[in-house]
Amino acid sequence: MAILEIKHVSKFFGGLSANSDVSFEMVPGMVMGLIGPNGAGKTTLFNCITGYYPPSRGEILFDGHRMNGLHPDAVCKLGMARTWQKVRPLAKMSVVDNVMVGALCRTNSLKKARVVAMEKIHVVGLENRVNFLAGSLPIGERKKLEVARVLATLPKLLLLDEVMGGLNPAESEEIIQLILDIKNLGITQMVIEHDMKAIMRISDRIVVLNSGEKLAEGNPQEIVSNKAVVDAYLGGE
Amino acid sequence: MRSFMHNMRGMSTLPVLLTVVAVVALFLIPNFVESTYALHIMILIFISVIMGLGWNILGGYTGQYSVGHAAYFGVGAYTTIILMQYRHIAPWYGVWAGIVVAVAIGLIIGSICFRLRGPYFVLASIAVAEIFRVTALNLKNLTNGAEGILITDIPPFKIGDVVITDFMSKVPFYYIGLVTLIIAIIVTWLLQNSKLGYYFQAIREDQDAAHSLGINLTFYKNVALSFSVVFTSLAGSIYGLYVGFIDPSTVLALDLSVQIVMICIIGGIGTIFGPVIGAVVLVPFSEALRSNMIAQAVIDSGLVNENSGFGFFLKEQLSHAHVLVYGILLVVVILYMPDGILGFIRKKLLAKRRKEAI
Amino acid sequence: MVPPSHPHGLTRFHVRECPIHDLLLIKYRGIMSVFFQSMISGILIGGVYALIGIGLTIIFGVMRIINFAHGDLLMIGMYMTYFLFALFHIDPFVSIIVTIPLMFLFGAFLQKVFINRVLGALPQNQILLTIGMGLVMSNAIMLAFTSDYKILSTTYSSASFNIFGISISSPLLISFAITIAITVALYWFLYRTDTGQAVRATAQDREAAQLMGINVKRMSIIAFGLGASLAGTAGALISPTYYIFPQVGSVFTLKAFVITVLGGMGSIVGATLGGVIIGIAESVGGVYFGSGWKDVIVFILFLLVLLFKPSGLLGTSKD
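Chains as they are written, first to last, in our numbering: chain A, 79 to 315; chain B, 38 to 395; chain C, 650 to 968.
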């Protein structure tokens, strides 16, 4: 049974169609890569899915629930969580407090939240930074913090928006491992990424967007040998 | 806030002990101190701290800077005093009415204004407070307009047949202020170490991120607002009863809203003791100015000849200068110590800790 | 702080408090002419409001700072004009030749010494800084000159003349004419000179302007200087018809915000329109709801705009 169904989703901003009739499905436990040139509508789709704005047309179903028009906090409570392209640490709070905010989504007890938070901090490898102010972390650790925080909300589906953006190869490798670890925990993931090699390694399936439309869908091999995809990246913009 | 607590953990018994000693001392002061003026200053400090703590919950912790909190101060004061003066309802019931009215109004205002961000929220809060002030000026049948309401007398507080106090001296107000203050500090501390506290701070740090982590922004902002309004309105009621006279230009004025913000900014936004420090700095200073103590001290010290033009100027005018000093203080603090006195100290401590960690 | 309530009859003090609708209440009956009269008066004062709004919107556009001391800059313009008149007998409408550049310099000074330091700070702190500056200005003036109301009365302060049966206050008309002249000059500066266009470019997109080689620091100084100059000039223009006292600024600050938010923060045309609309709303509202409530009307309008169209009539919601 599909965990996420995107059915003919379109999003218009005034005259601009940022997403146009996009459809695909995700099954539990998979990692889906969402790729496409800049401006293809990837983040817009994320924002529609997670409730920042409702889609102009189409339906979004999560575990059978209709998500159209739900607010971001309700979306999170239902089990779908996202990270941000431009990281958003809660700067004046410590690392553990940051992750606890995520954990408090599922419990009212600070004690229990702390336990969950420490666990997720271990998963991402930020044990050395537990009491540091989030604002003082370098970018690589901020990205990890964001993942830990979002994991603490105990999601069924995790949406990662360019979580490797701005990282050096060593840091990117850590993130790739992290994504695979999260997969082993049974959490479904949708990953927006520009790093092709990384996407190839982590994705079970890939959806390609271009100019708001779905250009192609398939496993990594199929996508890499798809002429239209290659053209979209190399030709045109 | 956790990091601050961690700093303190190494010496956690000392602050607790100090606080207990301070509280006991404060309770005993009226037994030893004769000067009614000193009591007066303490009462004003207490009221200021309560106002500051109230604002702090919404502004310091949740990041919603209202520069219109005089609205709640004034509503609390007016409700309590109107009920007492015109309906003969005892103030120990009246303050609750004041709180209820103020919270109801706050929730209405909140639901309208909380969708506004940053500076626009500030502007809206100011506009709302001004609407209240002008309304109070115009609804003369209710509030007596610009003339204000003068309290004729407060009914004595009795338990059974025993008169506890007749409110004739400053001492009952001292204890009322002190107890309310302690309650406010405890509530703030409890909030800080609860899920609410974490959520408030998350909203302050990054609203959209907080939203995406399952936090219902409007709901939690309104919760913060409610706590904030309760204390602000209480401060207003106590002030009205203590001073015995209220009018729109004192309890609903923009000046007052700015003062409330300043108490928190100077002390340190988003901390429990920030408003305490802010009030302890601002109140005596402004009273000293107002009562010409400073002018007199400058003259007495010989720096300025009492009969010179400048001396005359000091004596006449400095008492009006306290708002000017507020303004200068505000400018200086924003430019050089935006995190307030406590924030300044904290930064130094953290820098030290970071150095030790490396 | 509240001007003394006025006696009935058209006295000089009558003109002081509410020049707009008191004139008409006494002089004219007839619902239509009352309405029309208040419209005209509203437009006239709206011109001055527009100047205040344009100044504020330029400051916001270029520096993204909400200048809470704007009304106090207007107040300083009033005092400047008053003393030029009282000491040197220079007519207020003539002395703007001095007021405009002096206020510009003052504004530039304030920007360089104070505002510049908080350009990167939290917006709330920026607002608090300008609030503090406003407090310092109004209270310094109060300390220096006491809070006694000062009155600048010229020979034509209470004069009015008739057009088609409608009475128009002479000083208001002259100030409107000057306002138009200044606005035209301002538009010419902003749209036809290099510096002016650079200012507009910075207001539209600070980073892009910087990339194009525009010295945005200089633009900020110019913007604040312009804003102060316009506010001070507005003060000068209304000084023959308003009481002059240190706290007069705060009401104008709030009104300036309503005007700029209504017209769209950062939009000069919007502020112009907004000024006129607020002038009319205040004037007409004052007639039909009473002068005590006219400020409330403006604030309620403000809240409505903030809630339903926060980007204003013509603004670009680039927040």
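Simulated from the structure, these hints should not be mistaken for laboratory data. From the three backbone atoms N, C-alpha and C, an ideal C-beta is built for every residue, glycine too. One or more hints might be untrue.
Unchecked claim - Some chain B residues judged to face chain A by a derived CB distance under 7 Å, without partners named:
#1 A75
#2 P193
#3 D198
#4 K232
#5 E242
#6 Q244
#7 L250
#8 N253
Would you pick out the hints that fail for this structure and give their numbers low to high? 1, 2, 3, 6
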